[in-house]
Amino acid sequence: MLQNSNNGFTLPLTKNDKSQIVFPPPWYYGVTYISAHVKFTRESANMVLPEFLTTDGEGWVYIADFISTSENNWDYMYQDPDLVQYMEGAIGLKVNFEGKNYLYFPFMWVDKDWALVRGWLDGYPKKIAKISMTKLHPLLPKYNKAEAGLKMGGYAVRGGGVLLRLQVELKEKADSVPLRNFGPFLNIRRFASRGDNEEDLYEVVSRVRDESISGEIWKGKATVELGGYVNDEVDLLKVENVMGGYYYTLYFKVTKTQLLTKNIQNVVKVT
199 MLQNSNNGFT
209 LPLTKNDKSQ
219 IVFPPPWYYG
229 VTYISAHVKF
239 TRESANMVLP
249 EFLTTDGEGW
259 VYIADFISTS
269 ENNWDYMYQD
279 PDLVQYMEGA
289 IGLKVNFEGK
299 NYLYFPFMWV
309 DKDWALVRGW
319 LDGYPKKIAK
329 ISMTKLHPLL
339 PKYNKAEAGL
349 KMGGYAVRGG
359 GVLLRLQVEL
369 KEKADSVPLR
379 NFGPFLNIRR
389 FASRGDNEED
399 LYEVVSRVRD
409 ESISGEIWKG
419 KATVELGGYV
429 NDEVDLLKVE
439 NVMGGYYYTL
449 YFKVTKTQLL
459 TKNIQNVVKV
469 T
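Take any residue in the sequence shown, note its place counting from 1, add 198, and you have its number in our numbering.
Quick caveat, the hints were computed from the structure, so don't treat them as lab data.
Keep in mind that the hints are not guaranteed to be accurate.
As the list claims (entries may be wrong) - Heads up, simulated BS3-like pairs for lysine-lysine below, C-alpha to C-alpha not over 25 angstroms straight-line:
1. Lys-325 x Lys-419
2. Lys-369 x Lys-333
3. Lys-237 x Lys-454
4. Lys-292 x Lys-460
5. Lys-340 x Lys-419
6. Lys-451 x Lys-325
7. Lys-451 x Lys-292
8. Lys-328 x Lys-460
9. Lys-325 x Lys-343
10. Lys-454 x Lys-310
11. Lys-237 x Lys-369
12. Lys-237 x Lys-419
13. Lys-310 x Lys-216
14. Lys-340 x Lys-310
15. Lys-292 x Lys-213
16. Lys-436 x Lys-419
On a predicted model such as this, the values are computed, not experimentally measured, just so you know.
Make the full structure from the sequences, and use the hints.
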């Protein structure tokens with residue numbers, strides 16, 4: 199992995215690098231998900247993809263609670279917990295690229311600036327939104343643990359629009375989630391040039407997980423409501439079928455992305 203020899207992984211740049219918004223990997227994640235396995239209509243799902251990707255409409259929708267840190271700042275866990283915690287909502291699709299299946303996210307939202315920037319570095323299309331989900335507490339009546347009949351929910355709101363609303367009713371434990379059959383991640387790192395002799399970056403990459411451990415997995419039924427607004431075309435997607443709901447925890451570690459192709463399709467001269 200090539201890196202610039204100048205100091206700093208991200209802006210802002212200082213002599214000791216303590217102000218940068220994202221610290222270098224490896225990055226560690228502990229996540230709690232509520233999610234739904236869905237089928238969008240083929241026509242609507244392809245409306246939210248770039249031309250070089252296709253899909254049959256199989257998708258994944260989730261709201262999640264993240265705890266995440268770089269190797270460099272484990273001390274943030276107690277010094278500033280706000281810098282290692284964030285919420286995320288996303289809509290993913292199983293796509294085909296050059297004859298292989300991948301998991302691609304046309305929409306993703308988070309509620310922290312550093313989580314957004316880190317996502318952009320790896321090619322996730324993150325935006326800032328208000329995101330909330332059901333949480334459990336071991337001493338709380340009724341909502342102290344995952345069990346059959348438990349109802350959980352979450353939503354993402356951005357600007358004046360509700361982007362998605364998800365509810366899950368748990369039924370039984372499961373060995374895995376369907377997401378494992380979607381394929382590896384496919385992300386698009388897009389950074390437009392702003393002047394002569396600058397690189398107009400358009401890279402198709404796959405984010406690699408060095409480690410991944412699943413916790414307890416529960417499945418059941420789910421309801422999914424999609425909204426959207428003037429700057430989030432979620433309303434293009436039409437849900438054909440909701441095949442199941444899931445609640446689970448996951449740990450993973452990330453160090454790098456793998457380049458699949460540099461896909462600069464058109465060069466437009468700006469005058």
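Now the hints, each set against the structure:
{"no.": "1", "hint": "Lys-325 x Lys-419", "result": "violated, 28 angstroms"}
{"no.": "2", "hint": "Lys-369 x Lys-333", "result": "holds, 18 angstroms"}
{"no.": "3", "hint": "Lys-237 x Lys-454", "result": "violated, 30 angstroms"}
{"no.": "4", "hint": "Lys-292 x Lys-460", "result": "holds, 21 angstroms"}
{"no.": "5", "hint": "Lys-340 x Lys-419", "result": "holds, 19 angstroms"}
{"no.": "6", "hint": "Lys-451 x Lys-325", "result": "holds, 22 angstroms"}
{"no.": "7", "hint": "Lys-451 x Lys-292", "result": "holds, 22 angstroms"}
{"no.": "8", "hint": "Lys-328 x Lys-460", "result": "violated, 33 angstroms"}
{"no.": "9", "hint": "Lys-325 x Lys-343", "result": "violated, 31 angstroms"}
{"no.": "10", "hint": "Lys-454 x Lys-310", "result": "holds, 21 angstroms"}
{"no.": "11", "hint": "Lys-237 x Lys-369", "result": "holds, 21 angstroms"}
{"no.": "12", "hint": "Lys-237 x Lys-419", "result": "holds, 14 angstroms"}
{"no.": "13", "hint": "Lys-310 x Lys-216", "result": "holds, 18 angstroms"}
{"no.": "14", "hint": "Lys-340 x Lys-310", "result": "violated, 30 angstroms"}
{"no.": "15", "hint": "Lys-292 x Lys-213", "result": "violated, 43 angstroms"}
{"no.": "16", "hint": "Lys-436 x Lys-419", "result": "holds, 19 angstroms"}
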